[in-house]
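Undergrad: Respectively, the protein sequence lines represent chains W and S. No gaps in the numbering here: position 48 of the first sequence is 56 in my numbering, and each next residue is one more. No gaps in the numbering here: position 254 of the second sequence is 267 in my numbering, and each next residue is one more.
If you're looking for bench data, these hints aren't it; they were derived computationally from the structure. Cβ atoms here follow ideal geometry from the backbone N, Cα and C, with glycine treated the same way. Just so you know, not all the hints are guaranteed correct.
[Unchecked claim] With a cut-off of at most 25 angstroms between alpha-carbon atoms, the simulated DSS-like pairs for lysine-lysine come out as follows:
#1 LYS212(S) to LYS318(S)
#2 LYS174(W) to LYS212(S)
#3 LYS275(W) to LYS180(S)
#4 LYS114(W) to LYS315(S)
#5 LYS15(W) to LYS212(S)
#6 LYS114(W) to LYS280(S)
#7 LYS174(W) to LYS275(W)
#8 LYS280(S) to LYS180(S)
#9 LYS90(S) to LYS212(S)
#10 LYS180(S) to LYS90(S)
#11 LYS114(W) to LYS174(W)
#12 LYS90(S) to LYS318(S)
[As the list claims (entries may be wrong)] Over the 10 angstroms line for every Cβ pair with chain S, so calculated as not near, a few chain W residues:
#13 ILE21
#14 ARG79
#15 TYR171
#16 GLY210
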Amino acid sequence: MMDRYTKLQMVGIYAAITIFLIFILLPFFEMFMASLRPLEHLFRSPYQFWSDDFSFQAYRDMWVTVPLLGRYILNSIFIASMVTGITMVFVVPAAYAYARLQFPFKNLTLGIFLGVNMFTGAVLLIPLYRVLRTMGLLNTYWAMIVPGVAFLIPTGIWLLRSYLEKIPRELEEAAFVDGASRMYTLRRVVLPLAVPGLIVVGVAVFIGAYAQQFLFAITFNQQRELQPLPAGLFEFIGYQDVTWNQMMAAALVGVLPVMVIFLFLQKYLVAGLTAGAVKE
Amino acid sequence: MAETSQTATQTFQVRQSRTLPESVFAWMLIGPAMLFIAVIVAWPLAETVRLSFMEADLGGEQYVGLANYADLMDSRKFHQTIVRTFYWMFLSVGLKLILGLIGATLLNAAVPGRGLFRVLVMPPWVIPIAIGCIGWLWLYNGYFGVLSGTMMQLGITDGPFEFLAHKQSAFYSAVVTDVWVGTPMVTLFFLAAMQGVPKDLYEAAYVDGASRWYRFRRITIPQIMPVIVSMSLLSAIFTFNSFEIIWILTEGGPRSATTTLIVDTYKTAISNFKFGEGSARAVVIVILLGTFSLIYLFFLNKVNKYYGSGKK
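Bound conformation, chain S alone (with noise of 0.2 angstroms):
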């Protein structure tokens, strides 16, 4: 069998060279993928910074080398919306990761009805995000939301009481949305990792009388941290990049309480049709993001290295 296996292998490679090189097959089944990616976003990105050392707007564009950069780096408000976006991505991500690792647990317990609880918290990772912050803005208002209702009906607060009016409880409120929208896929992503820890090293543990928290600690985390270092660049991407949620729930407001980074770019470019400015604050997005992320997978290499290492 091992044999038969080894000379269709060997007959495959001469087949392949018969044909078309494998090199430029492949390259025709990449390139048009390639091309419309070019076109649409790596164009696109050259273009952006091309215009950051630009006064551009709708009239035209003239060269002003780094005015737009010596700006933002003067500006103390940008300095104030960089240090907020950092603030935005840890807190809900780390929100999300915890409840997504609580989630999972509990949706990962052997218990009747695990099933339907699996299905019931993907929905908002299904819905598009515009219509799940349009629940959200009902339930964050002061007259007729059930949360200032509640809480008004509990004596908490006299009168109603505008979640998203003032600057600590909007940004706050921003960010459980924002945890919202991201918690299901985390879950999700964990609970299938948590699925996929060998059997056998419960049962072992278990033998040997290791509490169901020590099994958690020892087993569960070290066996899945693959899955929660790569979660968590995703998320923090994701996360880093969230439009919708702020623009809808507060258009970055109230007194640029909720403006990160890419609200701010937005409302530069397109609300105020400011190109120059707005693709500086494009360009700054993508170095800090990649910067980010950088550091980031040399950390995930140093944690998948570790735990691979261990796993054998």
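Excised from the complex, chain W in its bound form (with noise of 0.2 angstroms):
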């Protein structure tokens, strides 16, 4: 009853939803558009919403015009499920025992972690690049990883210790009492049960290392073959002659990976995201 609305209230709840959604989605269907244009439409004045001459052709070119296009598909996966595998071998182990064990200087240290998610960006490229450069990395998929996985630490500490918390200690305590190990404790007992959680939390990762790679790309890596796909397009920008329908075509093309990640767990990720925020 409560939850019931007037006809004039449902109209208006969908009107906002469609005004808010063509915000959200405006971008996307603009690029779509444009990448159907052909590339002499795209100068016609006076300017055209719509037109007869919509094609896919684009969606062929693109592969010619950028022959490295599929690589830079590649390299963005390549980079972000690397940057995810070692990103959670540091993260399960430090996140178990912050949902679990009393230790000196805990709440310091989680706080350590926590702050390093107010630097990321420009503002450690410089030392990065000598640490980089030092170590012999730069220009190469490590250049690109290896600070990946530093900023993407805490993210994942956070997300995955909500996730533990939430295991029912009893299990541990009776593999105790069986005389189990601490280290085969967390290994055959707690990992088995997280399963889920480090799905939700291996995929976060994923995400947000798929979509932070463009900085670290045009600072560290000045090898072409390299490049993940937000550098390699943003490269063809700066070209004489943009073929705008075929970029915009790869950048969707490029997206979609992560789209359907994205679409087929997106319940679950939705749900272990946000459950640090409402657990109060």
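Put the complex together from the two separate chains, hints included.
TA: Structure representation (structure tokens):
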């Protein structure tokens, strides 16, 4: 009864949602429309919203114009996967420690981890550039993977910790009673139980890793064959004759991998990501 | 039952002392992550502070004391950049919070299709920012963007309007894009918080004849206040550090109209190889952001206490 709306209210709600969604989806719609327009159409004056010469030609041509396009997309996926794998190796034990154990400096160290979030972006690029140069990692995949991992560890710990806290303690206690060592308990009791949480956090890290590549790529990597998609596309904006329709097509194809992953897992992902926010 | 669990806990503690000490084990677990952060974040941070006292470029470095900072203090341009950055942050975060609140309320309304709507608001958050910005680059284009096109069709402007070519419009265009990128996350967290508000509060108010607006104002807002406050800090940090959006749309131009501190730092250090001057700017960012966060956390604590005690 309380949640009933009058017809007029319904219309109002749907109208407001529509406006909200138009704002959110407009760039995607525009990108898609632009990818369908033949190049000469773009410069037609006056501006046309619609015409009958739309085609999917750009989706075929782009592989020729940008020979490395496939490589860029694979690079993006490769870098994001490596970042995710390595991040999880660091995150899982640490998150367990914060969820379950008592130890000196627990809150202080957790605070330090979360403080890292404040420095994301350009602040650390100069010395980071030197660190990577010293380690000989510039212009390699590692130049984009290593900083990526560092900036995702804090978020990963934070997310996984709140998940692990929800697993009942009794099972671990039972394992201890049976004489299992700490490591054994973590590996054989906690981790199997935490698989759904590991997937959620892993996917969240993957999306983050896929999204954050741009800055590290344009700063630490000059090798074109190693460039991830956003950086590869950005390079084309600088060209004299930008084949805009192909660029839009390439951008849309390039986000397909994350969008597909997201759509399949969005329900769990959203629940897992916001769990920390509503725990109180 | 309570007894057995108590004995189990006791055995648990006994076992703990028999195997590795808890704190040693804990440090073994967080050690690798700590070490990694130390090498990739903490050490470079210390380096940044050191470099900020140097005149440093590709050739080498030389100690100059506080000269870099003195230059910044004297630079009117830098002062303008600081003001612009805070204006950018407050404006953008404010809009994100308002839109997030509206969006979450709409998506929380019990109407058919809301499951679908909830998925449809996510894409800007999921895809790489750089790619979303390519879309906006197109929208803002005077010749083939739909915004300028619509304005021409409606007769608002005579010719193509380049949103990113004029100081004012470039700044506000960048704000809109930043809001676009940030709104989905804010919406999502507010929505989750709204779903966590106990139903009986609403029912009691409904029975007492409270209107929808009253329930929103007196139940929803206070109940989700802790999330609003923490989201604003998170969002403020992201927005302050927001780099890619501005870099892709305008590279800080036209005539510095969209140059925030982070863009200024990047330009100085990476584009112009002035490592020392760039580092001094980075340190200023850390100090400003750190101070802002501390003040804010103080405030957050107060709010949490206030609403926390009110809840029970």
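Undergrad: Does each hint hold? Answer for all of them.
TA: Now for the hints, and whether the structure bears them out:
Distance hint between LYS212(S) and LYS318(S) is fulfilled; the C-alpha atoms sit about 22 angstroms from each other, no more than 25 angstroms. Pair hint LYS174(W) plus LYS212(S) holds up; C-alpha atoms about 23 angstroms apart against a cutoff of 25 angstroms. For the given pair, LYS275(W) sits about 42 angstroms from LYS180(S) by alpha-carbon distance, which is inconsistent with the 25 angstroms threshold. In summary, the hint linking LYS114(W) to LYS315(S) is supported, as the alpha carbons are separated by about 23 angstroms, within the 25 angstroms threshold.
As the CA atoms of LYS15(W) and LYS212(S) are separated by approximately 24 angstroms, the hinted pair is consistent with the 25 angstroms bound. Only pairs whose Cα atoms come within 25 angstroms are accepted, and LYS114(W) paired with LYS280(S) is rejected, the gap being roughly 38 angstroms. Distance check on the hinted pair: LYS174(W) and LYS275(W) sit about 18 angstroms apart at the alpha-carbon level, within 25 angstroms; holds. Restraint check for LYS280(S) and LYS180(S): satisfied, since their Cα atoms lie roughly 19 angstroms apart, inside the 25 angstroms limit.
Of the pairs offered as hints, the one joining LYS90(S) and LYS212(S) is violated, with about 53 angstroms between alpha carbons and a cut-off of 25 angstroms exceeded. Proximity of LYS180(S) to LYS90(S) is assessed by CA-CA distance (about 15 angstroms); at most 25 angstroms being required, the pair is judged to hold. Proposed proximity of LYS114(W) and LYS174(W) is supported: the alpha carbons are some 19 angstroms apart, at most 25 angstroms. Distance check on the hinted pair: LYS90(S) and LYS318(S) sit about 41 angstroms apart at the alpha-carbon level, beyond 25 angstroms; violated.
With a least CB separation of 5 angstroms from chain S, ILE21(W) falls inside the 10 angstroms interface cut-off, contrary to its annotation. With 10 angstroms as the threshold on Cβ separation, the claim that ARG79(W) sits away from chain S holds: the shortest Cβ distance comes to roughly 17 angstroms. At roughly 15 angstroms, the least C-beta separation between TYR171(W) and chain S is larger than 10 angstroms, which holds for a residue marked as non-interface. The non-interface label for GLY210(W) is consistent with chain S: the shortest C-beta to C-beta separation is roughly 15 angstroms, beyond 10 angstroms.
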